[in-house]
Amino acid sequence: AQSVSQHNHHVILSEAASLELGCNYSYGGTVNLFWYVQYPGQHLQLLLKYFSGDPLVKGIKGFEAEFIKSKFSFNLRKPSVQWSDTAEYFCAVTLSNDYKLSFGAGTTVTVRA
Amino acid sequence: NAGVTQTPKFRILKIGQSMTLQCTQDMNHNYMYWYRQDPGMGLKLIYYSVGAGITDKGEVPNGYNVSRSTTEDFPLRLELAAPSQTSVYFCASSYRDRGRGETQYFGPGTRLLVL
Numbered sequence: 001a002q003s004v005s006q007h008n009h010h011v012i013l014s015e016a017a018s019l020e021l022g023c024n025y026s027y028g029g030t031v032n033l034f035w036y037v038q039y040p041g042q043h044l045q046l047l048l049k050y051f052s053g054d055p056l057v058k059g060i061k062g063f064e065a066e067f068i069k070s071k072f073s074f075n076l077r078k079p080s081v082q083w084s085d086t087a088e089y090f091c092a093v094t095l096s097n098d099y100k101l102s103f104g105a106g107t108t109v110t111v112r113a
Numbered sequence: 001n002a003g004v005t006q007t008p009k010f011r012i013l014k015i016g017q018s019m020t021l022q023c024t025q026d027m028n029h030n031y032m033y034w035y036r037q038d039p040g041m042g043l044k045l046i047y048y049s050v051g052a053g054i055t056d057k058g059e060v061p062n063g064y065n066v067s068r069s070t071t072e073d074f075p076l077r078l079e080l081a082a083p084s085q086t087s088v089y090f091c092a093s094s095y096r097d098r099g100r101g102e103t104q105y106f107g108p109g110t111r112l113l114v115l
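Chains as they are written, first to last, in this note's numbering: chain A, 1 to 113; chain B, 1 to 115.
It cannot be assumed that every hint is accurate.
[Claimed, not checked] Straight line, CA to CA, 30 Å or less: simulated DSBU-like cross-link-like pairs of lysine-lysine:
1. A:Lys58 <-> A:Lys100
2. A:Lys100 <-> B:Lys44
3. B:Lys57 <-> B:Lys44
4. A:Lys71 <-> B:Lys44
5. B:Lys44 <-> A:Lys58
6. B:Lys44 <-> B:Lys14
7. B:Lys57 <-> A:Lys100
Simulated from the structure, these hints should not be mistaken for laboratory data.
Could you put the whole structure together from the sequences, leaning on the hints where they help?
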């Protein structure tokens with residue numbers, strides 16, 4: 001069965017620390033990949049997406065993600081987090097010829113001031 | 001553009017009651033979706049629609065119904081509410097990104113509590 005796995009349920013960091021969140025998927029075909037963020041009390045917002053081309057994708061708020069096809073991974077990174085990055089982060093995948101997203105369970109990130 | 005809007009923001013239902021969650025988008029997107037979000041479970045697709053008059057089941061459709069009479073509106077109907085339907089419900093719509101893939105945009109959510 002197709003699935004999306006996020007390795008960490010909860011990550012706690014101090015401000016200025018680096019962040020990396022893992023995401024692996026188990027789809028056999030060409031995929032489109034997304035990271036969404038949900039700030040406390042708010043709806044999901046798109047951080048970045050990958051459809052094709054350069055596997056290193058830059059998104060909003062200083063986030064980036066790298067697609068490694070051989071590892072079926074799409075890890076999210078930020079070199080220096082801020083308190084305002086406290087949120088829940090979701091990885092999502094769809095086949096390139098489809099439109100239905102499959103979501104990972106999410107990772108809660110808490111940044112301590 | 002207001003984007004995707006949902007009403008109500010919060011609702012408490014008694015077991016067996018029914019209600020409709022409203023969703024409207026003003027971006028002229030063809031595709032619309034309903035998800036539920038449960039703690040630690042990510043989002044699960046309930047129903048989706050590829051255009052007015054066309055709907056289909058997602059991963060967890062039982063206990064829900066939808067309709068799509070216009071491009072803008074995609075209401076979700078709960079009949080005979082059950083405690084298992086306590087969740088946060090998100091509506092989304094999407095467009096095809098330069099022919100390469102769909103990007104979904106989400107509404108603010110409806111928090112539903114069934115007691």
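Hint check, failures only = none
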